[in-house]
Structures are given as C-alpha cells and as structure tokens.
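Student: Sequence:
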Amino acid sequence: MASNFQYSFQAGSDAISDFSCDSCKEEHLNIKKMHYCETCAKNFCKKCLKKHTKSFKKHKVYDRKDIKYWTVTKTKIHESNHCKEHKDEELKMYCEDHRVLLCYKCLLYNHKKCLNNVVDIAEKVKTLRENGELKQLPETLNTLHGQITQKKNDFVERMQSLKKSKDTFLDEIDILQKKTTDVLDQLKMNTIKKFDKLLEKLNICLEDDIRHCDEVIHTMLGLHHECQAFEEKTNIQTLILYKKMYDQNSQTRQILDELSAKSEVAVEFHPDKSIEQTLSALSGLGDVFKNVKQAHIVKGTKQDESELLQASDQVPGSYKRSYQNDQPKDLETSNNVLVYIQGNETEDVNKPGHVLDFASERTMCFGVRKNDKNVCTISGICETASGEIVIIDEENRKVKLLTQHFEFMAQYELQYKPTSICMIDSDTVAVSVREWKVYLIKVLNGQLVSHGTHELKHPCRGSSGHQGTIYITSGDALYRYTKDWTSVDKLFTPLSGAVTSCAVSPDGDRIYLVNPSTHELITLSGDGNEIAKLHVPRLWPVIATPGIHVTDSGRVLVCGYRSHIIFEVDRDGRKKVAELVTGNDGVQNPTSVYFRNHTGSLIVGMHHKGHIMVCHTHTSEV
1 MASNFQYSFQ
11 AGSDAISDFS
21 CDSCKEEHLN
31 IKKMHYCETC
41 AKNFCKKCLK
51 KHTKSFKKHK
61 VYDRKDIKYW
71 TVTKTKIHES
81 NHCKEHKDEE
91 LKMYCEDHRV
101 LLCYKCLLYN
111 HKKCLNNVVD
121 IAEKVKTLRE
131 NGELKQLPET
141 LNTLHGQITQ
151 KKNDFVERMQ
161 SLKKSKDTFL
171 DEIDILQKKT
181 TDVLDQLKMN
191 TIKKFDKLLE
201 KLNICLEDDI
211 RHCDEVIHTM
221 LGLHHECQAF
231 EEKTNIQTLI
241 LYKKMYDQNS
251 QTRQILDELS
261 AKSEVAVEFH
271 PDKSIEQTLS
281 ALSGLGDVFK
291 NVKQAHIVKG
301 TKQDESELLQ
311 ASDQVPGSYK
321 RSYQNDQPKD
331 LETSNNVLVY
341 IQGNETEDVN
351 KPGHVLDFAS
361 ERTMCFGVRK
371 NDKNVCTISG
381 ICETASGEIV
391 IIDEENRKVK
401 LLTQHFEFMA
411 QYELQYKPTS
421 ICMIDSDTVA
431 VSVREWKVYL
441 IKVLNGQLVS
451 HGTHELKHPC
461 RGSSGHQGTI
471 YITSGDALYR
481 YTKDWTSVDK
491 LFTPLSGAVT
501 SCAVSPDGDR
511 IYLVNPSTHE
521 LITLSGDGNE
531 IAKLHVPRLW
541 PVIATPGIHV
551 TDSGRVLVCG
561 YRSHIIFEVD
571 RDGRKKVAEL
581 VTGNDGVQNP
591 TSVYFRNHTG
601 SLIVGMHHKG
611 HIMVCHTHTS
621 EV
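Going by the working numbering, the sequence shown opens with residue 1, and the numbers climb by one from there.
Rather than coming from a laboratory, the hints here were simulated on the basis of the structure.
Backbone N, C-alpha and C define an ideal beta-carbon position, used for all residues, glycine too.
Just so you know, not all the hints are guaranteed correct.
[Stated by the list, open to error] Derived lysine to aspartate or glutamate pairs resembling EDC-like cross-links, with alpha carbons at most 20 Å apart: (1) Lys-112 / Glu-133; (2) Lys-46 / Asp-63; (3) Lys-87 / Glu-139; (4) Lys-87 / Asp-66; (5) Lys-194 / Glu-268; (6) Lys-194 / Asp-272; (7) Lys-437 / Asp-476; (8) Lys-92 / Asp-63; (9) Lys-151 / Glu-139; (10) Lys-84 / Glu-27; (11) Lys-163 / Asp-174; (12) Lys-262 / Asp-209; (13) Lys-92 / Asp-120; (14) Lys-193 / Asp-272; (15) Lys-51 / Asp-22; (16) Lys-42 / Asp-63; (17) Lys-370 / Glu-413; (18) Lys-152 / Asp-63; (19) Lys-42 / Glu-26; (20) Lys-65 / Asp-154; (21) Lys-50 / Asp-22; (22) Lys-135 / Asp-154; (23) Lys-65 / Glu-38; (24) Lys-576 / Asp-552; (25) Lys-373 / Asp-427; (26) Lys-533 / Asp-570; (27) Lys-197 / Glu-207; (28) Lys-370 / Asp-425; (29) Lys-57 / Glu-96; (30) Lys-243 / Glu-226.
[Claimed, not checked] Here are the simulated distance ranges between beta carbons: (31) Arg-211 / Ser-280: 43 to 51 Å; (32) Asp-257 / His-458: 53 to 61 Å; (33) Tyr-109 / Lys-151: 25 to 33 Å; (34) His-270 / Leu-495: 25 to 33 Å; (35) Gly-554 / Ser-517: 22 to 30 Å.
Please put together the full structure from these sequences, using the hints given.
Tutor: Written as structure tokens, this is what we have:
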C-alpha cells in the first residue's frame, strides 16, 4: 500500500478527481458525477445521463440516494511525469509551502518566493520514507475510514430510532387523549348527576301539586253527581248539599289562587365557557421539540486538532441590541444566553428538562402603550384560563388586556397606582393599590369590567392567589385572606426590613417574599415558618415592587432590576439555579415576569418601556 502512496506523490499534480463524470473527463471537463450505471460501470452527470438513457434504456442506473450500490472506484493517476501546465517539462521538485509538484518553469514563473522551501522529489520521498509519514498516511486513512463508517452506522441507527419514536409518540398522545376524554366524561357525569338531582326535587313538588288537584277533582265530581238528584232530596238534604258545594267552590278558588301563584320552573343548561375557551386557545396536545445531545468530537491528527482550534476561535459571541419603544421588533438572541450557576462557577447547561432554555430562539417586543401620558412600567402580569394576558401599568395607573398573541384589547383606569395583580378565578383578577384597597376586575367579552372593591386595614404591596386563598403583603407583614375576604390572619412578620412581593407554589407548600431593604428572597412554608433566606445584591428596585413568579411546575423566577437579569432559584430559595435572560437579550430594569407553560414563552415587563418582551424556549416546562 505504501508504494501506491509513493506513486501518488510522484505524479500528484496530475491526479484526476474521483468524483467526476467519466464522459466529461474524456473531454477534459471536471463535472460532478450524480449517477452510476451498474451495467456500464461508469459515472455520469445529469446531462450525460440523458444521452446514455436514450441509447441504453434497460441499464440499471443508481442516483446518489443509492450510493451504497455504486462500485468503489480507485483513484486514477495520470501516468505521465510531465507538468500539466508546461507539457514539455518533467516534474522535478516539490514545494513545501504550497504542497504541489513543480517543473523548472513552475519554479521560475510561479514559485520564486518559495525557493527556500522547494526540494527535489527524490529527496522529498526519501524524507517521507525515513520519517514514516508514507506508512502513517495509509494507517490514518484506515482509521478515518473506520470512523466515518461508524458515524454512518450511527446515523442509520438514529434514523431507525426516530422511526420507532413515532410509535411511542403516538402512544403518548393516545394516553393523553384518553386522560382528557376521561376527565371530560367525568365532568359530563357530574353535570348529569346535578341535573338529575334538581329534576328529582322539581318532580316531587309537581307530583304533590298533581295529587292535590286530583283530590279536589275527585271531591267535585262526587258533589256534581249528587246534584243530579236535587228533586228527590228533602229540604234539609238540599241545604246541606248547597252548603257543601258553596264551601267546595270557595276552597277550590283558594287552591287555584295558590297554584297559580307558583312560578313555572324550567331547567336550563349554561355551559362553562372557560372550558371551550381554554381548549380553543391550545395549538395542540403538547409541544414537540428536539432533544439535542452534545456531540462528541472525534480526536484526529495534530493537524486536525489545530484546524479545530482555529475554527473554534471563530464562533460568534453575544452582543447587545438597541430598539425603539412601542415598536414590535425581532431581537436576535445570543448564541447561548443560558448560564448555570453553582457556587462561584459558571458553566453551560444545555440539557433538556434541566432548566428553561432560551438559546437560539427569537425574542419579540410588543407595544402596550394606548393613549398613555407616560412611558409604561409593567409591574404585574397574569393570564386568564382562556389565554388572555392581563398586565398592570403602574406609571399610567391602568389595567390592560391583551389577546393570546399580545394584541391590545382593552384597558381599565384606576384612581391609584397599582402595585400587584393576581388571578383569583378563571377570569377575575385582584389588583392591589397602595391606598389600602383591592380592585376586583373581570375579563368579559374582551373587556375589563369592575367586579367590586375591598377596603383593607393595611397598605397593599404584593399579592398572590392560591386555591381560593389570597396572600397580600403590607410592607410590614404578610396577610392571608379567604376568597370572600371575610377572614384574615397575619402569617409572617420580618425581624427587620420589609416584605413587598409575594408568590405561592402550585402545591401551596412554599411562599416566597422579597425583602428589598436587606436584598433578600425569603422562603416560607405553607403555614408561615421561615425556611431560608437568599441574599443577592443589585436585584431590587426602589421605584416598583420587585417581580417574582412561580410557574405551573414550581419554578421560581425572580427579576433582577439593577442587574438586568431574570434568574431562577431552587424550590427552597437557597441558591440561584440559572440566569434565563439578561441585558444582552434586551432586558433592562425588569419589574415583572410570567411564564406561559402551554406556549413555552417568558413574558418580561420593564420599567419605563413602552413594550413587553416575549422570549420563547426550546421546550415547555418539564
């Protein structure tokens, strides 16, 4: 095998590409081959194949999709030792700089500057033999051949695995569909039971009325029958019968009046529109995403490694972007905005299901100003059961309603600046204001409608709702209210500083508070006992209530106002887990954050910005 490589070096400048059309090569053209004729054992480009097919219609021809059936052709070496450019000259030298064979004219006209690095061919071959490079190249070729073959086999296995994954995918969809159908069937049965119970009560009342009417009718028929024999009765009998009929008529009129006063009762079905709205708001039964695993780079020769290092130096980094207020605009995110923090070390964590990953996705800005005097400060975000977005604009004293696609729908003006907002029902929000008051606002037919107010005995800063319970901070303490606002108890009072923002985990076992005075995130148990404190500087704003949000799966997201970062902490609030989006992605002084699980998008409200920012993840929550 070594002799073959020696021959290749001796006539290397005349090597003809093994990837060319055989017919074109006869005309000294180098056209890429696209087809292989098994009968002729020749390669053809598209143009030559047409001519070949006209003459040999029955020949078996394979395209590049069936390249495995192509016959492996040996590299053809021109047998002449003469230079291709200067055909009357023999190849005598080798240029180390350009790695090409030369004749004397090549050296004279084209390689004068390479004179110090031009050697005799015989000397070059001798050197290659002595340093073992001629022997090493075939071994390297065999190694690389094995690696590329293994890589091809890996891809084949991946393709087969993808085909199998469809069956698993369909099974999971069927299971989810069955669960959803079972839930709807149970809801149907519950509704039917409620109808049957009501119908039973109404039937009992009607049966009593019918029985009463039957008794009166029976009595009246008896009197009517006795009236037929008036002439045969004595005066006393006649008078007694008269008295009976008179009394019966009076009694019947009274009964008719009582029965007529009863209202006609009909049973009506009023469907829960939130079910249909929620289902129609979904784009599918779940998200489909790529589970990308980090590729292992195959270690090659020293030359290969140096090329890889040079290529890695060319990877672009992140950069800051500017944008105008009130104008929806695409923002290109950095190549990797997700950072995992552990102690004092920062490392990349692109693992599905590990943390929310916003890498290489698009970020959009949506304008939220509508006839506003001031630039907006969005200090709270929540979502109705049917997918509408409700935000509060502290700077303009407004509650604003957006569609599922962040289009402006309606707004509700408040007398005071709102400090926080939370959902207390599928379509009702509680908006806290500093002046010891909570507004209840209902989303109805694309409008925001007042649903009442509640005067409290303390200031209102942060708020959060959980299964009929409303948590409100006053600055000095955390209070817990029932849904009807009739019962209240003081759950927690900090030893120093204040408590403003609050959020509750989906299971109700964790309550998260912000103490802006001490720059701390406080984690409580469901009954108000302190679990942990996390000190993080440069996070809390002076002008707005710090933004904090717990997702449907229990992830705790916090706004770093002065650091321009949205970060995640662990369930017990003991350490930061990840930085999700940063100033490099367009975040500036964030004051509120909300994660929409069904769309996999993060909504960020900011101080003095006429828009909200929406970042999309690779996946929905795990």
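Student: Hint by hint, which ones does the structure fall short of?
Tutor: When the structure is compared with the hints, numbers 1, 3, 4, 8, 22, 25, 28, 29, 33, 34 turn out to be violated.
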